[in-house]
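For what it's worth, the UniProt record's numbering labels the leading residue of the sequence shown as 1, then goes sequentially.
Heads up, a few of these hints could be off.
To be verified - Now the in silico label distances, taken between C-beta atoms and shown as ranges:
no. : residue 1 : residue 2 : range
1   : His298    : Phe191    : 39 to 45 Å
2   : Glu523    : Asn359    : 37 to 43 Å
3   : Ser179    : Pro245    : 25 to 31 Å
4   : Arg734    : Phe191    : 37 to 43 Å
5   : Asp242    : Asp763    : 41 to 47 Å
6   : Lys712    : Phe191    : 24 to 30 Å
7   : Ala637    : Val270    : 32 to 38 Å
8   : Glu269    : Glu652    : 40 to 46 Å
What the hints assert, rightly or not - Below, a list of computed lysine-lysine pairs in the PhoX-like style, where the Cα atoms sit at most 25 Å apart:
no. : residue 1 : residue 2
9   : Lys194    : Lys93
10  : Lys194    : Lys296
11  : Lys407    : Lys472
12  : Lys296    : Lys267
13  : Lys296    : Lys349
14  : Lys406    : Lys349
15  : Lys468    : Lys520
16  : Lys639    : Lys659
17  : Lys296    : Lys406
18  : Lys576    : Lys463
19  : Lys267    : Lys349
20  : Lys576    : Lys525
21  : Lys742    : Lys639
22  : Lys472    : Lys406
23  : Lys406    : Lys463
24  : Lys659    : Lys710
25  : Lys468    : Lys406
26  : Lys712    : Lys659
27  : Lys712    : Lys742
28  : Lys659    : Lys742
Please keep in mind that the hints were generated in silico from the structure rather than gathered at the bench.
Ideal placement from N, C-alpha and C gives every residue a C-beta, glycine not left out.
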Amino acid sequence: MIAHEFAYIRNLGHGPERWRLLRRATPEWRRAQSRVGRGGPSRLAGVPPDVDRVSLPVKADTGLVGHTPPIDTIPQRGVTITGERRVRDLYIKQVEAQLRERFAGLIDMSDPAAQRAADPDSTWLSRALAALTVVDATGCDPERAARCVIDGFDDEGIDAIAVDIESPHVWIVQAKYSSAGTAGFDQQAMFSLKAGLDLLVKHGEYHRFNNKLQPLVDDLATALANPGVRLTVILALAGEEDLSPNLQLRCADLTREYNEINRDFMKIEVMRLRDFVRVVRSDTRVELEARIEDLKVHRDPFPAYHGTITADQIAAWHTQYRHRLFKRNIRHPLGLTPVNSEIVECLVKTPELFWYFHNGITVLCDAVPMMGPLGDLRLDDASVVNGAQTVASIQEAHSRAPEALKKASLGIRIIPLQGTPAGFDSRVTIATNTQNGVIQQDFRALDRIQERLRYGFQISLDKQYVIKRGEKLRDSREGCDMAEAAMALACAHPDSRISYRATSDSRRLWDNDTYFEIFKGREAKTVWRCVQLHRGVEDKLRESREEREGRAEQLADQGAHLIAHLVFQSLPGWHKVDEEEWARLRGSVEQVTADAFRRAIYTVDTEVGPSSHISSLFRSSERYETVARAAAEAIRAGKPVPELAENYQVSESEGRARKARAVSVIVEAEAIEEGTTLEFRPVTGPERSALAAWVAEDPRRGRATWARDKSKPLLWELDSLRYSPTALVMEIFRRANKKAPKAVQGTRRWFVPERGSLVEIADQARAQAE
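Based on the sequences and whatever the hints tell you, model everything.
Next comes the structure, spelled out in structure tokens:
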């Protein structure tokens, strides 16, 4: 077995790390090392004479598994290129073997791009490499990673997409495979990737992508709508060459563009062949070493250890093992959420105070077989089961201020499972993750303001006002809880900065500068009216989802609090009017909401830009306040409500599609060849929610072939019957047991990969004829 740990250990000198590894190396290697020390041959049998670094056949628990130095650092004898090529060939064979083993039968090759590929095996390997990248980035299993691959026609330069909506975090992968280990990334790939990112993130035009993306869209849209989302772009290359200076500049430009509002929003990573060798050779066991200060032993009924550990040790664990460090945890780390941002801030600015302000971590392990002096422990097959957010935050702080972590310490509990009853690990994991933490909202529940509101709801309104977190109303018509009241009051406040806090981080509603501003002096009647109006706005936005698409759909999904803020500004005196006028105001909420929405999207386009990220509006207080202020001023000035742009209206798009007579034009122009495969793609959010999962269960449900027939040109792959485009869309809704929209134009929803929808193809044919 050829590798490089031999040279790694030789170069360690005579320190303790060298001897620790030597004790755990195999006898074969020790004999070889002994011969080297006596002037004997410097290579094991079978090692090419032009390569001076060879494999260390170490035991699996040395901690060196997956240690893969760059190829260009390997010393060589004789012809340098030959030696480098041999090692590279070895690496690519190792990676390829693991791809075939891990993803056999999992990679979808039924799409037209795969069927027409000149080298199907190379296409399969490239897709498997994208899936392996997802495994490494997220820690998911190979089957789930394979479902993240969207490579094919209309992938828009993106080969895989993975989403964690809890974090929230989105990973975008572009993979390049070469059986020679020379894959690289060129300028055309960069252009394609940027175009795909813009379609996904800026415009939300998910229907431009092939139907492999559609089952991922709901989670993707939910994640991107969260102001705290993070985006990681991974260039996965089965090669060793660095990006050219020009491409490095383009990557920097792209990162700068997407991080204009939030410098932590997007980052670009490059994985090379050496990294994939590390991934495929990684042992699933996690072996940790820890130096614990003030080590104490808890003896009964099962031994355990607790003490204090420095944060830089935790960062080193995460660097080496990443998501495998949390394999027993019920969730992976939640990304840079606001809670984690506070932890990072403390670590970077006041590391010496970290122990006082933050909880520690709990680690389960199989055993603690080696205890050295000064609290030195080795933890066999360890996993952090509580404190994942803390660990992830420590790693983030390490990337910003590594020296600071040496000054930070935290508590640690280590529980060996040796000798514990069956299921004990699961019980510890669940118990340590489900204990209810006390948050600021809980303290506010004890406030006299909240008690007064609860009493007022009960006496004057005969309603319930729930102030304890966890208590639920049986029926929302019976009242509301404190959190809903806070959200509604924040939106009703004339200062848009308050509603921004509700949007960007709802926990800020309980801070002194916001809590007293929205609650102080409020009577129960005012709070209840406020909640009712806020509910009316949300109901209207939800009920009208089918009317919008594109950026308008994104704004409605993400900007409910902004729209509610504008509705309250449109109804001055809502809290003072008599009951008769109040009933009239409530009846007008639907129209006022529609007007507020049109003002909002118009103001976003004019003040921020028609190609701006909608999500950036809720990551930047400056942008949010600019839009809210301009729209509110237009309301107070009595300016006419702008019309919703045609490209944002589903009805307009459907009308244009109906008038296009797409099928007749295509048949007459012979613009599509007989037997061409078409894909069904939902174009609105409600359609995606209703149909994407059903279509994904059987790819035949989303495919049809073209026949030159003006009335029924689509032969559905599922039942081999012919339909018109609209009739087939309606049949899909019927088969999926979902309610179909009132008006659907199937020609907008059936796409020829790489060419566009039937409407677009008809437009192209008409333009060519003219």
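Results for each hint:
1. Remark: the range hint 39 to 45 Å for His298 to Phe191 is contradicted by a beta-carbon distance near 59 Å.
2. Between Glu523 and Asn359 the CB atoms are about 40 Å apart, so this pair conforms to the stated range of 37 to 43 Å.
3. Hint check: Ser179 to Pro245, Cβ distance near 27 Å, so the stated range 25 to 31 Å holds.
4. The hint said 37 to 43 Å for the Cβ distance between Arg734 and Phe191, and at roughly 41 Å that hint holds.
5. Between Asp242 and Asp763, the C-beta spacing of about 43 Å keeps the proposed range 41 to 47 Å intact.
6. In this structure the hint that Lys712 and Phe191 lie 24 to 30 Å apart at CB is violated, the actual value being about 39 Å.
7. For Ala637 and Val270, the Cβ-Cβ distance of about 52 Å falls outside the hinted range of 32 to 38 Å, so the restraint is violated.
8. Distance hint check: the CB atoms of Glu269 and Glu652 are about 41 Å apart, consistent with the given range 40 to 46 Å.
9. Only pairs whose Cα atoms come within 25 Å are accepted, and Lys194 paired with Lys93 is rejected, the gap being roughly 31 Å.
10. As the CA atoms of Lys194 and Lys296 are separated by approximately 54 Å, the hinted pair breaks the 25 Å bound.
11. A threshold of 25 Å between alpha carbons decides the hint, and for Lys407 with Lys472 the separation of about 44 Å lies outside it, so the pair is violated.
12. As the CA atoms of Lys296 and Lys267 are separated by approximately 41 Å, the hinted pair breaks the 25 Å bound.
13. The hinted pair formed by Lys296 and Lys349 fails the criterion: a straight-line CA distance of about 30 Å is larger than 25 Å.
14. A C-alpha spacing of about 13 Å is found between Lys406 and Lys349, which places the hinted pair at or below 25 Å, so the restraint holds.
15. Only pairs whose Cα atoms come within 25 Å are accepted, and Lys468 paired with Lys520 is accepted, the gap being roughly 19 Å.
16. Distance check on the hinted pair: Lys639 and Lys659 sit about 34 Å apart at the alpha-carbon level, beyond 25 Å; violated.
17. Under the criterion of a C-alpha separation no larger than 25 Å, the hint pairing Lys296 with Lys406 is consistent with the structure, at around 22 Å.
18. Distance hint between Lys576 and Lys463 is fulfilled; the C-alpha atoms sit about 20 Å from each other, no more than 25 Å.
19. Annotation: proposed proximity of Lys267 to Lys349 holds, straight-line Cα distance about 23 Å (limit 25 Å).
20. Our distance criterion of 25 Å between C-alpha atoms is met by Lys576 and Lys525, whose separation comes to about 10 Å.
21. Only pairs whose Cα atoms come within 25 Å are accepted, and Lys742 paired with Lys639 is rejected, the gap being roughly 33 Å.
22. For the proposed pair Lys472 and Lys406, the alpha carbon gap of about 45 Å is over 25 Å, so the pair is violated.
23. Note on Lys406 and Lys463: the hinted pairing is violated, with a Cα-Cα distance of about 55 Å set against a maximum of 25 Å.
24. Among the hinted pairs, Lys659 with Lys710 is consistent with the structure: their alpha-carbon atoms are about 15 Å apart, no more than 25 Å.
25. In summary, the hint linking Lys468 to Lys406 is not supported, as the alpha carbons are separated by about 40 Å, beyond the 25 Å threshold.
26. Straight-line distance between C-alpha atoms of Lys712 and Lys659 comes to about 18 Å, which keeps the hinted pair within the 25 Å bound.
27. The suggested pairing of Lys712 with Lys742 holds, with an alpha-carbon distance near 21 Å, which does not exceed 25 Å.
28. Between Lys659 and Lys742, the direct Cα distance comes to roughly 17 Å. Compliance with the 25 Å bound is thereby established for this hinted pair.
In summary, the structure is inconsistent with hints 1, 6, 7, 9, 10, 11, 12, 13, 16, 21, 22, 23 and 25 from the numbered list given earlier, while agreeing with the others.
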